[in-house]
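So the protein sequences, as listed, match chains A and B.
One rule links them: number in the working numbering = place in the first sequence (from 1) + 1282.
One rule links them: number in the working numbering = place in the second sequence (from 1) + 1282.
Hints in this document: simulated from the structure, not taken from any laboratory.
Mixed in with the good hints there might be a few duds.
Put simply, identical chains are the same to the list, so a pair is met inside one copy or across any two.
With a Cα cut of at most 20 Å, we get these calculated SDA-like pairs of lysine to any residue [unchecked claim]:
id, residue 1, residue 2
1, K1334, G1531
2, K1334, L1582
3, K1334, H1537
4, K1334, A1529
5, K1334, Y1579
Protein chains: 2
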Amino acid sequence: MPETTPAPCAPEDVRRIACIGAGVIGGGWVAHFLARGYGVTAWDPAADAEEKLRRLVAAAWPALEQTGLAEGASPDRLTLAPTLAGAVADADFVQESAPENLELKRSLLAELAAATRPGVVIASSTSGYPMTDMQTAVEGPGRLVVGHPFNPPYLIPLVEVVGGERTDRDAVAWASRFYDLAGKSVITMDRELPGFIANRLQEALWREALHMVANGEASVGDIDASITEGPGLRWAFMGPCLTFALAGGEGGMAHMLDHFGPSLKSPWTRLAAPELDRELRDAMVDGCAEAADGRTYADLVAERDQGVIDVLRATGRLGSTRR
Amino acid sequence: MPETTPAPCAPEDVRRIACIGAGVIGGGWVAHFLARGYGVTAWDPAADAEEKLRRLVAAAWPALEQTGLAEGASPDRLTLAPTLAGAVADADFVQESAPENLELKRSLLAELAAATRPGVVIASSTSGYPMTDMQTAVEGPGRLVVGHPFNPPYLIPLVEVVGGERTDRDAVAWASRFYDLAGKSVITMDRELPGFIANRLQEALWREALHMVANGEASVGDIDASITEGPGLRWAFMGPCLTFALAGGEGGMAHMLDHFGPSLKSPWTRLAAPELDRELRDAMVDGCAEAADGRTYADLVAERDQGVIDVLRATGRLGSTRR
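From just these sequences and the hints, can you work out the full model?
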C-alpha cells in the first residue's frame, strides 16, 4: 500500500462527522456519534429521511442514556444537509452507509471524495464488498477504508476496519484509532476478505438456517430458540473457538479436535469441511492457548459459568425455564 | 412410529437418574440433575472417574447455588456404581453420555436397554448421530431417544429431543416432558437430522472459522472477538432469524431478503447457498411474523436494545470499550 497524505486532523481532534445515508445502519451511526458527543451532519436523498432519522435517534436515545453519554452529547447536534457536498464540507470524518449496491457505492464514494476536504478519511459501512472493488472510480482513493459495523451500531461494539489495494496504510491506522476513541471495539484486518470476519461467520450459520427452513427440517422459531437457549448464551462473552476448547475438557482444543475432528466429515451442514491437517490443528490449538492467555481450564470454566449466569439473569431467565 | 409400553413412572415421579459416562457432558448432566434435587447414580469405566466427577460437581456447585437449588439438592446425593448394570438397576431415567463413537454407542445402548427396567426411557447425549443409526442392536428400541444438551448442561438450558425410526412416539413425549420438569428448555424435533438443529448451525459457523484459520485469513482471537463484540451479543437473547428481520428495518424480514438476498450469491463462506425462491422467502417472512407474535418493529428494537445493554452490563462491558 502507498504511503499517505497526512489527515487534516488527528483522530483525537475529530469534532464533526458526516453520515451519508440515513437508513437503519446510517441512522444507527448517527445515534452513536451523537451519543459520543460529536456533531453530526447527515445526508440522505429520501424525501422522508429527516423525519425517519430523528425518529430513529429519539428511539435509541433512552438506550444511549443507559450506556452513558459523552459530555455535551445531544440529539440537537444533528443537522440534515440538503446536499451531499454540503454534508461533507466541514467534516473531519465521513461514514458512508448507502444501500448495498456495488455500482451505487462506486459512484457515491467518487462523489464523496471529490467533495470532502483533502485527507479526510472516508469509511464505508458496506457489509461485504472489498474496498478494492469500490474505490475504482475514486480520485485519490488512499483515504477510503471499510468501517463495517453491526446492527445497531450505537450498541454493538464491533467495527471491522480494512483497506483496499489503493488505500493508504495510514488511513487504515487513522480509522482504527478514531473508532477506538469513539467507543467501538475494533478489529483491524490486514487483508481483504469478502464479508470480512463476523459476516462470513454469521452468513455460514444463516445459509444453513435457510437450508433447514427450505427443506422443512426446522422452523424459524426452533432455529432462533436453538441459538438463544443454547450456544448464543455463551457467544455473548466467549467466542466459538474458546467455547469449543472447553468442550475438550481439561484436554482443551487439542482433545476437542482429536475427539470431534472426525465429525467434521459428518453430513452436518451443507458446508464442505476443510482438511483438518496437522497445520490447521496446531493453528487452532495455539490460537486458543494464546486466547486463554495463561488462564487455566478451571479458570475458564469458572469464567464461562459466571458469564452464562450473568447473561441469564440479565435477560430475565434465571429461575424460569423460558424467557 | 409404533405405539408404546407405558413408562414405569410419570415424568413428575422421577426420583433417581442414572448417568452413564462422566466426562465433560456426562458430568455436567450429573451436576444439573443433583442441583434439581434428583438422586444420581453414575457409572464410567475410567479409573479416575469418581475423583474427576466429584471435582467437576464441586466446581459447578457455586454456580448452581446462584441459579437456585431445588429443595434437598446436594452433591451428597451422587453415588458411583461399580458396574453399568448396578447404575441403572433402580433408575427412573437414564442419560447416556459416552464418547462420540457410533459402534461404542450402539453396543452401550444395547447393554443399557438389557439392564434397565422395562419402559424406563434411555436418552443419549450424542451430539450428532441419529437414533435410528444407534438403536440398531437394541432389543426393545422403542424407549430410546436423543436428548442432546449443550455444554455445560447444568447452565445452558437447551436440550434437543428426537426419536429414531424405531422409537415410540410416547417415549419422545415422555422425555420432553421430563426435561421440561427438570428445568431444561426443550426443542422436540419431529424428524431426524444429523447434528439436530443448534449443532448444524454452530458447525456451519465453525467450519467457516476453520477455513479462515486454515487460509490465514483471520486469527483465532479475531474470530472469537468478532462474535463476542458483534452478533454474539444479540444471539444471547434474540435468534439469528429475528435479528436479521430487524436488519430489514421497518420492512422486516421481507425487506431484508429482498435487499440482501442477492448477497447470498456472494463468495461469502464456502457454504453453497440455497435458492432463495418465493417459497423459502415466504417461509422466512411468515416464520418471523410468527416469532414476533404481535410485537411491532419498534417493540422489537426496544427489546433488542435493552437486551444488548443488559448483556453488556452483565458481562462487565458497559462504560469500557473492551472487556
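Checked hints:
Proximity of K1334 to G1531 under the C-alpha cut-off of 20 Å is restricted to the inter-copy arrangement: shortest distance 11 Å between copies versus 50 Å within a copy. Taking the closest pair of Cα atoms, K1334 and L1582 come within 20 Å of each other only across two copies (17 Å); inside a single copy the shortest separation is 45 Å, beyond that limit. When the C-alpha separation of K1334 and H1537 is checked against a cutoff of 20 Å, the pair qualifies only between copies, where the shortest distance is 17 Å, while the shortest distance within a copy is 52 Å. For a Cα distance limit of 20 Å, the shortest separation of K1334 from A1529 across copies, 15 Å, qualifies, whereas the shortest one inside one copy, 46 Å, does not.
For the homomeric pair K1334 and Y1579, the shortest alpha-carbon distance between copies (14 Å) is at most 20 Å, but the shortest distance inside one copy (49 Å) is not.
Figure legend: structure checked against the earlier numbered hints; every hint is met.
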